[in-house]
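Protein chains: 2
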Amino acid sequence: MAQQERARKTKDAILEAAGAVFAERGYDGATVSDVYSRAGLTKGAFYFHFSSKKDLAEEVLSIQVDRQGYPILPRQVKLQELVDAGFVFAHRLMRDSMLQGSVNLSLESGAHQLDRKRPFVAWIDHNQRALTEANDHGELYSHVDTAEVAELMVSSFSGAQILSHILTGRQDLTTRVAALLAHLLPTIAVPAVLARLDIAADRGERVLAEAGVGTTALRPAPPGLTDTL
Amino acid sequence: MAQQERARKTKDAILEAAGAVFAERGYDGATVSDVYSRAGLTKGAFYFHFSSKKDLAEEVLSIQVDRQGYPILPRQVKLQELVDAGFVFAHRLMRDSMLQGSVNLSLESGAHQLDRKRPFVAWIDHNQRALTEANDHGELYSHVDTAEVAELMVSSFSGAQILSHILTGRQDLTTRVAALLAHLLPTIAVPAVLARLDIAADRGERVLAEAGVGTTALRPAPPGLTDTL
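Protein chains in written order, with the UniProt record's numbering: chain A, 1 to 229; chain B, 1 to 229.
Source of the hints: derived by calculation from the structure; they are not laboratory data. Incorrect hints may appear among the rest.
Which copy is meant is left open, because identical chains are indistinguishable; a pair holds if it fits in one copy or across any two.
In silico SDA-like cross-links for lysine to any residue, where the CA-CA straight-line distance does not exceed 20 Å [stated by the list, open to error]:
hint, residue 1, residue 2
1, 54, 129
2, 117, 34
3, 117, 171
4, 54, 24
5, 54, 166
6, 11, 116
7, 54, 32
8, 53, 29
9, 117, 166
Bound conformation, chain A alone (with noise of 0.2 Å):
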């Protein structure tokens, strides 16, 4: 058990340092050798967990499928778990530098042959869901096409997040997605729905404090977090 724990504790390890790597080098840049160095560990230690560069960036990439969602406590107002979910991520996104390397991978259209749409597709079927709870609640105007602004709504804080961090480092990230949330939910949401939502900047911070996650949790996100919660 203490065996298990410490190879649990090695391969967040190298995930860590991946993502930091990934993050400041791309894919194409970055190599095994900068991961292993950068965690403190040896190359039998990386070889151990992970079989190439691509294997592990599979995995950072898989971070942001594996760790989306939590914690998101259940609201009345279904659309506000949506928002919820959006705020959280844009919050961890500012300070987990895993994350940061797990999106940057995904953004990166270089000779790399990974699964770049599988974390897009996973956001885009979580918003179908919670939109389709929402709709089933009433929040919605008739006329909206779920799956449209699903997508939309994912196109858009990728956006919102390149922009943030090209102009900003990310430092306004969730006053963008903030901004986003105020121009996008008036054509989406009904008027009784849309006046109880909190779309305020820092939302996230509150909602994860509320769930009693704490942001030191977040730099780096501790491994099983996703099981536990």
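Use these hints to put chain B onto chain A, whose structure you have.
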């Protein structure tokens, strides 16, 4: 003059090839010899026009800025001009490999030291001017923060471009731009203006046809087009 003309053609052939190579391999994955080989030129011809890969990439990046605005005809509803600029850019981006390479470079966050801010800032400035003019004509709600919307339009367009690229190889880009505008404009434009806007997905194609610029002229954009329009 014939010599100048030939030099311009050579330079344009290099930029065209560079766009395609950067689009396929990213900045780090591309080499100078990839570029001049694809253009069917010699190393010497390349270095007559560009001092380095970075120099070349800077010029490819600047294509987004230098050629962005054409050919937007004046409209009675000023907001339509902003819409048209977006649709024309989207339409070109689906076809022009030089522009695709340029956009890829600005989205890629590898090890390179390129100035990725410039094309985004240029578009933000462009939108800000267009929104200010629309506002002066009474087309916008009084609560609209034009600076915020100018950036939101750039970020959301960028996101639409990325998702379209990843999911469909950019085949549905103009459809995504239409969906974005259908959800964004109702919170910005007063109803009388909104009702008169043309935001159909084929708007860019029609604007270009009206200006006498065919689609064939965009593979690649002919040299000096910005000067003559």
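Original post:
Which hint numbers doesn't this structure obey?
Top reply: 1, 2, 6
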